[in-house]
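Engineer: Here is how the chains run, residue by residue.
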Amino acid sequence: MRRVNSQQELEALREEIRKARDPNQALVTICTGTGCHAYGCMNIVSAFKREIEKAGLSGKVGIRTTGCHGFCERGPLVVIYPKRIFYQRVQMDDVAEIVNETLKNDKIIDRLLYTHPMTEEVAIFEPDVPFYGLQKRIIFGNNGLIDPTSLEDYLSIGGYAAFAKALFSMKPEEVVEEVKKSGLRGRGGGGFPTGRKWESCRNAKGDKKYVICNADEGDPGAYMDRSLLEGNPHSVLEGMLIGAYAIGSDEGYIYVRNEYPLAVKHAEIAIAALKEAGLLGDNILGSGFSFDIHINRGGGAFVCGESTALVASIEGRVGEPRSKYIHLSESGLWGKPTNLNNVETWANVPVIIDKGADWYSQIGTEGSKGTKIFSLVGKVNNTGLVEVPMGITLREIIFDIGGGVPGGKKFKAVQTGGPSGGCIPESLIDMPVDFDKLKEVGSMMGSGGMIVMDETTCMVDVAKYFVDFLKGESCGKCTPCREGLLRMSQILADITEGRGREGDIELLEELGVVMKDASLCGLGQTAPNPVLSTIKYFRDEYEAHIKEKRCPAGVCKALITYEIDPDKCTGCGACKRNCPVDCISGEKKEPHTIDQSKCIKCGTCKDVCKFDAVTVK
Amino acid sequence: MAKVQLTIDGRTVEAEEGAMLLQVARDAGADIPTLCHNDEVKPYGACRMCMIEVEEHGRTRLVTSCTYPVKEGISVTTRSDRIFRNRKMIVELLLARCYKVPEIRAMAADYGIDVENSRFQVREDTCILCGLCVRVCDEVVGVHAIGFAGRGPDRVPTPPFKEPSQFCIACGACVYVCPVDAIKMVQTPESRTIKRWQRTLPMKVCKVCGEPFMPEYQIEYFTKRAKVPEDFFEVCPNCR
Numbered sequence: 001m002r003r004v005n006s007q008q009e010l011e012a013l014r015e016e017i018r019k020a021r022d023p024n025q026a027l028v029t030i031c032t033g034t035g036c037h038a039y040g041c042m043n044i045v046s047a048f049k050r051e052i053e054k055a056g057l058s059g060k061v062g063i064r065t066t067g068c069h070g071f072c073e074r075g076p077l078v079v080i081y082p083k084r085i086f087y088q089r090v091q092m093d094d095v096a097e098i099v100n101e102t103l104k105n106d107k108i109i110d111r112l113l114y115t116h117p118m119t120e121e122v123a124i125f126e127p128d129v130p131f132y133g134l135q136k137r138i139i140f141g142n143n144g145l146i147d148p149t150s151l152e153d154y155l156s157i158g159g160y161a162a163f164a165k166a167l168f169s170m171k172p173e174e175v176v177e178e179v180k181k182s183g184l185r186g187r188g189g190g191g192f193p194t195g196r197k198w199e200s201c202r203n204a205k206g207d208k209k210y211v212i213c214n215a216d217e218g219d220p221g222a223y224m225d226r227s228l229l230e231g232n233p234h235s236v237l238e239g240m241l242i243g244a245y246a247i248g249s250d251e252g253y254i255y256v257r258n259e260y261p262l263a264v265k266h267a268e269i270a271i272a273a274l275k276e277a278g279l280l281g282d283n284i285l286g287s288g289f290s291f292d293i294h295i296n297r298g299g300g301a302f303v304c305g306e307s308t309a310l311v312a313s314i315e316g317r318v319g320e321p322r323s324k325y326i327h328l329s330e331s332g333l334w335g336k337p338t339n340l341n342n343v344e345t346w347a348n349v350p351v352i353i354d355k356g357a358d359w360y361s362q363i364g365t366e367g368s369k370g371t372k373i374f375s376l377v378g379k380v381n382n383t384g385l386v387e388v389p390m391g392i393t394l395r396e397i398i399f400d401i402g403g404g405v406p407g408g409k410k411f412k413a414v415q416t417g418g419p420s421g422g423c424i425p426e427s428l429i430d431m432p433v434d435f436d437k438l439k440e441v442g443s444m445m446g447s448g449g450m451i452v453m454d455e456t457t458c459m460v461d462v463a464k465y466f467v468d469f470l471k472g473e474s475c476g477k478c479t480p481c482r483e484g485l486l487r488m489s490q491i492l493a494d495i496t497e498g499r500g501r502e503g504d505i506e507l508l509e510e511l512g513v514v515m516k517d518a519s520l521c522g523l524g525q526t527a528p529n530p531v532l533s534t535i536k537y538f539r540d541e542y543e544a545h546i547k548e549k550r551c552p553a554g555v556c557k558a559l560i561t562y563e564i565d566p567d568k569c570t571g572c573g574a575c576k577r578n579c580p581v582d583c584i585s586g587e588k589k590e591p592h593t594i595d596q597s598k599c600i601k602c603g604t605c606k607d608v609c610k611f612d613a614v615t616v617k
Numbered sequence: 001m002a003k004v005q006l007t008i009d010g011r012t013v014e015a016e017e018g019a020m021l022l023q024v025a026r027d028a029g030a031d032i033p034t035l036c037h038n039d040e041v042k043p044y045g046a047c048r049m050c051m052i053e054v055e056e057h058g059r060t061r062l063v064t065s066c067t068y069p070v071k072e073g074i075s076v077t078t079r080s081d082r083i084f085r086n087r088k089m090i091v092e093l094l095l096a097r098c099y100k101v102p103e104i105r106a107m108a109a110d111y112g113i114d115v116e117n118s119r120f121q122v123r124e125d126t127c128i129l130c131g132l133c134v135r136v137c138d139e140v141v142g143v144h145a146i147g148f149a150g151r152g153p154d155r156v157p158t159p160p161f162k163e164p165s166q167f168c169i170a171c172g173a174c175v176y177v178c179p180v181d182a183i184k185m186v187q188t189p190e191s192r193t194i195k196r197w198q199r200t201l202p203m204k205v206c207k208v209c210g211e212p213f214m215p216e217y218q219i220e221y222f223t224k225r226a227k228v229p230e231d232f233f234e235v236c237p238n239c240r
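Sequence order for the protein chains is F and U.
Residue numbers for the first sequence, in the numbering used here: 1 to 617.
Residue numbers for the second sequence, in the numbering used here: 1 to 240.
Don't read these hints as lab results, they were simulated from the structure.
These numbers come from a predicted model, not from an experiment.
Just so you know, even glycine gets a beta-carbon here, dropped at the ideal spot from N, CA and C.
Some hints here could point you the wrong way.
Only some residues are given here: those of chain U computed to face chain F with a beta carbon under 7 Å [said to hold, decoys possible]:
{"hint": "1", "residue": "G45"}
{"hint": "2", "residue": "A46"}
{"hint": "3", "residue": "R48"}
{"hint": "4", "residue": "M51"}
{"hint": "5", "residue": "T67"}
{"hint": "6", "residue": "M89"}
{"hint": "7", "residue": "I90"}
{"hint": "8", "residue": "R97"}
{"hint": "9", "residue": "F120"}
{"hint": "10", "residue": "Q121"}
{"hint": "11", "residue": "G152"}
{"hint": "12", "residue": "P153"}
{"hint": "13", "residue": "R155"}
Excised from the complex, chain F in its bound form:
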């Protein structure tokens, strides 16, 4: 791309790109986010290229490989413009038909359309799919429109106009003020007001200042930052450029975990394109403002998402946190004033500058403005990434957008905020979701993980899972986090394996309070949340494990037995054939029995029984 040397040249280039594109031309967009990669979307892309050529449509139909659309449950996703026909779970065999029927003859293929699992309503066009229709996708929506490796695509949808606006018609202080006024709070977990953070870094003494993008997303099941950096890296870079200008920084870092190869690749391509176009480097757009960005790949330690540990890691030291009584904004990377924000926070900035703080702050609740991207996973029909306005209820997210719990099972709880978030029970499902409400009920926003659990989930087992995760990820520097997690893990193992004792619940609570109070960093301070919140809302399950040596959800292996109901068993032999330890016996067409001394409680018999004859006690 040619170098642009002024705001006028940037706008002229944008006009040129737009003019060269016909909005009415047929365009096949294919989601190539990491989720769809796993489904084999790159084969679909090649098949489209082949079939379009075969059909003689080359030059008439465009193909665009885009970032993650968010509806990962239904991938590979194909959207055909200009009408935005929405095809889901597209397989290799479907491609020729799509080209010959839909592209050539304008016919819809019913088989590939989306049907709502509960209402059975069919949607033809993308905006009519309830999963999308109920969201407010001001940050994530552009992912489906552009090729993340194309700066031209980003410019064509108005990219870097907000940056140019800030650079040429706003003073740095005005940019800070606008972000403050928008009410944007950090999307990485802490929820600190972004504008105030910027202001203190701007006011800090020092000629050299750094800005950092925290892309060290590490919560199990959460991938919104990855999908943003993969699917729309320029939105993050534009946010960083605006922030650097506002703060007075000339150098930035993206700290991204090396397990995110596509995010690293796309960020590298985007940075190279910006340098070539003169939007990154010295004297950007002839304004006198200079800024450069480096990519720092992290080794995948969860604790490196903690700002001070992240900074230590960039400096080449062990990724361990330090006390934050002296803020990064005063003394951060290499002792210089540093402003660190999360991927999603940066991506919000261009929208705020473009549309204005007044527009932005209309979205959301009093204390939490704008939208939030959640990673909706677990026992929910529509697994994927959803962007919703702050203040929406959990019910709307899980049932209206998420399509409810699969298999007709009953919803039990939702865990928000990643491994150190809390479990919220069904009784609170109508609560509005924002930073303060989630904290109030003993959970947190975190980076936006949302794990749905149904009646077959044991809450003690869930708490144990998260505590074990955190135990392995604690850096081990401070006593309460290191020793506290070890002891919590041991007590929870005892409870789930039938060795629970009177007083264990109280000891967990006592320990949890101290870990919250006394741990060095956010990891330890929030680590007891899964335990404390499940005790708060599901104390009866803990008591059943301890007092009755019973797991009500039928999950904890040491406390359950599989039995065959002789009235229901038809003697088909399916369980007997599939049992990995040969502990099921019985004659054909006669009720079978399980030898409890050999049973390893794997649950295979229950899974394969067609007559619901295997019960868990």
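Since the structure of chain F is provided, determine the placement of chain U on it from the hints.
Structural biologist: Using the frame of chain F, we list chain U on its own:
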């Protein structure tokens, strides 16, 4: 340095701006326990024993006094139920980790913990992971012979790759600084061994009195670092 005024347990105190609260409070007579603190190395904030309450802008929070720089107008409390509760649990956790370490057992008894009946499964580790050995070797001696390996409960101070140290000069600074005597040194006329780092070095014998006085490798390191004449360490400090 500018001075700031603050109150500690109700008494007004003046301190130098930037000074850490631990020292300021101790100078003012407060009794604050520490395990990972030593004046010779940078504040670390790992053991969490020195936590006290600080009220600032109407908000009270628990902070580690060793890493908290004093500020104008803050109000500090060094004794409260909340502080005691946290310290007691930390000691209880350390006791469960290092069940046989006399220093920790004595501390636990002071906090009213039933030393013989731990509420947790006890282990017999000897190290409380205060990090003083690692930090002294790094910041004071400058040899960086040891660091931490492992995460969470698996954290352990060790030479690289948990192998016998190649760089330890057997100076014994880590032995001296360890608050729970977890690093043992064995000294014979011929050699000195730091057992934890599996390092044995031959001793230099004094030209004058004939007594061994320092590991040879340590002399090599000091000679290079201090730029003293090569024959400086031919004689022991007593005969020099």
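Engineer: Does each hint hold? Answer for all of them.
Structural biologist: Quick rundown of the hints versus the structure:
1. With a least beta-carbon distance of about 5 Å to chain F, the hint placing G45 of chain U at the interface is held under the 7 Å criterion.
2. Nearest Cβ of chain F to the Cβ of A46 of chain U: about 5 Å, under the 7 Å cut. The hint holds.
3. The restraint placing R48 of chain U at the interface with chain F holds, with a minimum CB-CB distance near 5 Å, inside the 7 Å limit.
4. With its C-beta approaching chain F no nearer than about 6 Å, M51 of chain U sits inside the 7 Å limit, and its interface hint holds.
5. Against a cut-off of 7 Å between C-beta atoms, the interface hint on T67 of chain U holds, since the closest Cβ of chain F lies about 4 Å away.
6. Because the smallest distance between the Cβ of M89 of chain U and any Cβ of chain F comes to about 4 Å, under 7 Å, the interface hint for this residue holds.
7. With a cut of 7 Å, the hint placing I90 of chain U at the interface with chain F holds, because the nearest CB-to-CB distance is about 5 Å.
8. Taken as an interface hint, R97 of chain U checks out: its beta carbon lies about 6 Å from the nearest beta carbon of chain F, inside 7 Å.
9. Annotation: interface hint on F120 of chain U holds; nearest CB of chain F at approximately 5 Å, less than 7 Å.
10. Nearest Cβ of chain F to the Cβ of Q121 of chain U: about 6 Å, under the 7 Å cut. The hint holds.
11. For G152 of chain U, the shortest C-beta to C-beta distance to chain F is roughly 4 Å, which falls under 7 Å, so the interface hint holds.
12. For P153 of chain U, the interface hint holds, since its Cβ comes within 7 Å of a Cβ in chain F; the closest pair sits about 4 Å apart.
13. Contact between R155 of chain U and chain F, as hinted, is supported at the beta carbon level, the nearest pair being about 3 Å apart and thus within 7 Å.
Hint check: no violations occur; every hint is consistent with the structure.
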